[in-house]
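Q: So the chains spell out like this:
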Amino acid sequence: MGPAVEVHELVKRYPKRDVNAVDGLSFAVETGEVFGLLGPNGAGKTTTVGILTTMVRATSGGAYVGGVDVLRDPVRARARFAVVPQRSNLDRSLTPRQNLTFHAAYHGYSRAERNARAATLLDEFGLIGQADTKVDFYSGGMAQRLMIARSLMHEPQVLFLDEPTTGLDPQARLFVWERLRELRGRGVTIMLTTHDMDEAAQLADRVGIVDHGRLLALDTPPALVRRLTGQTVLDLTVVAGAGDDTEKLLAALTELPGVERGEQVSAAAGGAGPADGATLLRLYVTGEPAALLAPVAGVLAGRSASLTDVHFGEPSLEDVFIDLTGRALR
Amino acid sequence: MTTVTDATTTAAVAGPPLRASARRAFLAILWRDIFVTGKEFWVLLVQVALTPVFTLFIFAKVLGSLNYVSADFGDLLLPGIVALAAFLTALQSVAFPLVMEFGWTKEIEDRLLAPIATDLVAVEKMLIATLRGLLAAVVMFPIGALVLGAAPWRGAGFPLLVAVLVLGAWVGAGIGMTVGTAVPPAKISIMFGLIFTPLMFTGATQYPLTQLHDLRWFQVVSAMNPLTYCSEGVRAALVPHIPHVRPWISVAALAGFAAIFTLTAILGFRRRALS
Numbered sequence: 001m002g003p004a005v006e007v008h009e010l011v012k013r014y015p016k017r018d019v020n021a022v023d024g025l026s027f028a029v030e031t032g033e034v035f036g037l038l039g040p041n042g043a044g045k046t047t048t049v050g051i052l053t054t055m056v057r058a059t060s061g062g063a064y065v066g067g068v069d070v071l072r073d074p075v076r077a078r079a080r081f082a083v084v085p086q087r088s089n090l091d092r093s094l095t096p097r098q099n100l101t102f103h104a105a106y107h108g109y110s111r112a113e114r115n116a117r118a119a120t121l122l123d124e125f126g127l128i129g130q131a132d133t134k135v136d137f138y139s140g141g142m143a144q145r146l147m148i149a150r151s152l153m154h155e156p157q158v159l160f161l162d163e164p165t166t167g168l169d170p171q172a173r174l175f176v177w178e179r180l181r182e183l184r185g186r187g188v189t190i191m192l193t194t195h196d197m198d199e200a201a202q203l204a205d206r207v208g209i210v211d212h213g214r215l216l217a218l219d220t221p222p223a224l225v226r227r228l229t230g231q232t233v234l235d236l237t238v239v240a241g242a243g244d245d246t247e248k249l250l251a252a253l254t255e256l257p258g259v260e261r262g263e264q265v266s267a268a269a270g271g272a273g274p275a276d277g278a279t280l281l282r283l284y285v286t287g288e289p290a291a292l293l294a295p296v297a298g299v300l301a302g303r304s305a306s307l308t309d310v311h312f313g314e315p316s317l318e319d320v321f322i323d324l325t326g327r328a329l330r
Numbered sequence: 001m002t003t004v005t006d007a008t009t010t011a012a013v014a015g016p017p018l019r020a021s022a023r024r025a026f027l028a029i030l031w032r033d034i035f036v037t038g039k040e041f042w043v044l045l046v047q048v049a050l051t052p053v054f055t056l057f058i059f060a061k062v063l064g065s066l067n068y069v070s071a072d073f074g075d076l077l078l079p080g081i082v083a084l085a086a087f088l089t090a091l092q093s094v095a096f097p098l099v100m101e102f103g104w105t106k107e108i109e110d111r112l113l114a115p116i117a118t119d120l121v122a123v124e125k126m127l128i129a130t131l132r133g134l135l136a137a138v139v140m141f142p143i144g145a146l147v148l149g150a151a152p153w154r155g156a157g158f159p160l161l162v163a164v165l166v167l168g169a170w171v172g173a174g175i176g177m178t179v180g181t182a183v184p185p186a187k188i189s190i191m192f193g194l195i196f197t198p199l200m201f202t203g204a205t206q207y208p209l210t211q212l213h214d215l216r217w218f219q220v221v222s223a224m225n226p227l228t229y230c231s232e233g234v235r236a237a238l239v240p241h242i243p244h245v246r247p248w249i250s251v252a253a254l255a256g257f258a259a260i261f262t263l264t265a266i267l268g269f270r271r272r273a274l275s
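Residue numbers (UniProt numbering), protein chains in the order written: chain A, 1 to 330; chain B, 1 to 275.
Derived by calculation from the structure, the hints in this document are not laboratory data. A few of these clues could be false.
Claimed, not checked - Derived list of chain A stretches under chain B, where covered just means 3 residues or more per stretch with a C-beta under 8 angstroms from a C-beta of chain B:
| no. | segment |
| --- | --- |
| 1 | 55-65 |
| 2 | 204-212 |
| 3 | 301-308 |
Said to hold, decoys possible - 25 angstroms max Cα-Cα, derived PhoX-like pairs, lysine-lysine:
| no. | chain 1 | residue 1 | chain 2 | residue 2 |
| --- | --- | --- | --- | --- |
| 4 | B | Lys39 | B | Lys106 |
| 5 | A | Lys16 | B | Lys187 |
| 6 | B | Lys61 | A | Lys134 |
| 7 | B | Lys39 | A | Lys134 |
| 8 | B | Lys187 | B | Lys106 |
Unchecked claim - Just a sample of chain A residues kept apart from chain B, beta carbon distances all over 10 angstroms, derived:
| no. | residue |
| --- | --- |
| 9 | Lys16 |
| 10 | Asp23 |
| 11 | Asp91 |
| 12 | Ser93 |
| 13 | Ser139 |
| 14 | Asp196 |
| 15 | Arg226 |
| 16 | Thr237 |
| 17 | Gly243 |
| 18 | Thr246 |
| 19 | Ala290 |
| 20 | Gly298 |
| 21 | His311 |
| 22 | Leu324 |
| 23 | Thr325 |
| 24 | Ala328 |
Here a beta-carbon is modelled for each residue, glycine too, at the ideal position from N, C-alpha and C.
Based on the provided sequences and hints, a complete structural model is requested.
A: Pasting the structure below:
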């Protein structure tokens, strides 16, 4: 069984633009995987998903969903995938339930099948009690749940989601995440585009970071974080010994093998600062941070400093994202 | 919360069965529009009937009873109003919703993502608009009879009547889609004034084209309006004693316009649906 989603040397140039929106993008998403496509605004994410979902015509290259060439056979491809957009595109002339049943009808489901599936999905998404009101009465979270339910009506192999939980309250967000994990468990491939690094780190098995229409990195979130900065972080809260100062203490710690560099973290950056007299020192470590604990304790004991707190930190996906795509506003 | 059902589990493993066909998708989309039209039937009725009722009432009844227009003006006007209803209802049925759906609500996306060619979604839109136009035309007869006291009817003209109304409504739908896919939502009121009003008043609904000898320029302008041939065709079918364009010319002109505007409509729809 081939990949669930594949793009190959994909290029899209919109008319009257002098740069390619998508510029030779290639990647593959395995069946049953949750794949996060990250990138700043205008990076080419939406265009890429647009091509995969047959709404944008590619300039060149190949795009396949569920083994179907979407450029050659868009109609057949549409039966294989479903799209959940960021903003509601629910049919407001229909009730929530009818939104589901008509969707299934477009996909060729019989009346009995679509009614049964609609009832099941409405129940699963906690909407059964408000299934026959007006869509206009729905909150953002309910509309989002209904759109996901609708997308599942025709049993897609691949689900494309755009910013699935942006603007949702924490409860709805957790609910949606849970449903998505459950779907992965059923073998549905999920491709999500998001700016929300937390969401990507929570959900995605692998993440692709794109900018200027090109793929900058592709790996699992932990590997991405490790590989790109090549280091983990050891946070030490220390009280320097009498007659010693933190500058010298930090210098001594930085000389330890495996420590790349160190810095004194200001209270403001670290949120609540350490207690009186204590200082927060951050060491950037290339190896396993736990292995450094003994040498660090040795240095501290040698200078009669006391250690009050230790924390292993990892740079987040967000750091990686900023590192790759820069700080400039889009 | 219920657990996973069997139906949902099979999807990813086996792949969806090849249940979808373009025909079924087309009929489902058409059924959606018929269903929604049925739900909002009274809205449609008010939308299509009010203007013609007042037009008939003022121009034929009021001005007729005051002797400003001749008593049989209603015979000329009602067929024109029937044609106008078919044409304009079809046009509005597709133009306004499309401007909103493409520009703002994006409601159409669910149908664009159905397993059916995009062109067929456009054709479906024109088909439902045509059906709504025909419905409006049918409604005009009892309304006209009510306002005027009688509506002209001629069984022998029935085939021609059907032909010109179907073609006229289809042309209206084609123009509606062409305009609806070209105009951004913010400009919708401008489009109404700039396009629809001139179409309504240069379409020979209130006057016979062939008798405009003394207003030659207006005759030429009217001759370029597709609605003219629908009005003339309906008059040829119902009230042949009033001078009219020869039926075959009306039908041929409407067919020509239908071909042109079907093409521009589908191109416009494609442009908006696919980028």
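Q: Evaluate each hint against the coordinates.
A: Results for each hint:
{"no.": "1", "hint": "55-65", "verdict": "holds (count 3)"}
{"no.": "2", "hint": "204-212", "verdict": "violated (count 0)"}
{"no.": "3", "hint": "301-308", "verdict": "violated (count 0)"}
{"no.": "4", "hint": "B/Lys39 with B/Lys106", "verdict": "holds (21 angstroms)"}
{"no.": "5", "hint": "A/Lys16 with B/Lys187", "verdict": "holds (23 angstroms)"}
{"no.": "6", "hint": "B/Lys61 with A/Lys134", "verdict": "violated (43 angstroms)"}
{"no.": "7", "hint": "B/Lys39 with A/Lys134", "verdict": "holds (13 angstroms)"}
{"no.": "8", "hint": "B/Lys187 with B/Lys106", "verdict": "holds (17 angstroms)"}
{"no.": "9", "hint": "Lys16", "verdict": "holds (12 angstroms)"}
{"no.": "10", "hint": "Asp23", "verdict": "holds (17 angstroms)"}
{"no.": "11", "hint": "Asp91", "verdict": "violated (5 angstroms)"}
{"no.": "12", "hint": "Ser93", "verdict": "violated (4 angstroms)"}
{"no.": "13", "hint": "Ser139", "verdict": "holds (17 angstroms)"}
{"no.": "14", "hint": "Asp196", "verdict": "holds (22 angstroms)"}
{"no.": "15", "hint": "Arg226", "verdict": "holds (31 angstroms)"}
{"no.": "16", "hint": "Thr237", "verdict": "holds (43 angstroms)"}
{"no.": "17", "hint": "Gly243", "verdict": "holds (63 angstroms)"}
{"no.": "18", "hint": "Thr246", "verdict": "holds (53 angstroms)"}
{"no.": "19", "hint": "Ala290", "verdict": "holds (40 angstroms)"}
{"no.": "20", "hint": "Gly298", "verdict": "holds (54 angstroms)"}
{"no.": "21", "hint": "His311", "verdict": "holds (37 angstroms)"}
{"no.": "22", "hint": "Leu324", "verdict": "holds (27 angstroms)"}
{"no.": "23", "hint": "Thr325", "verdict": "holds (24 angstroms)"}
{"no.": "24", "hint": "Ala328", "verdict": "holds (26 angstroms)"}
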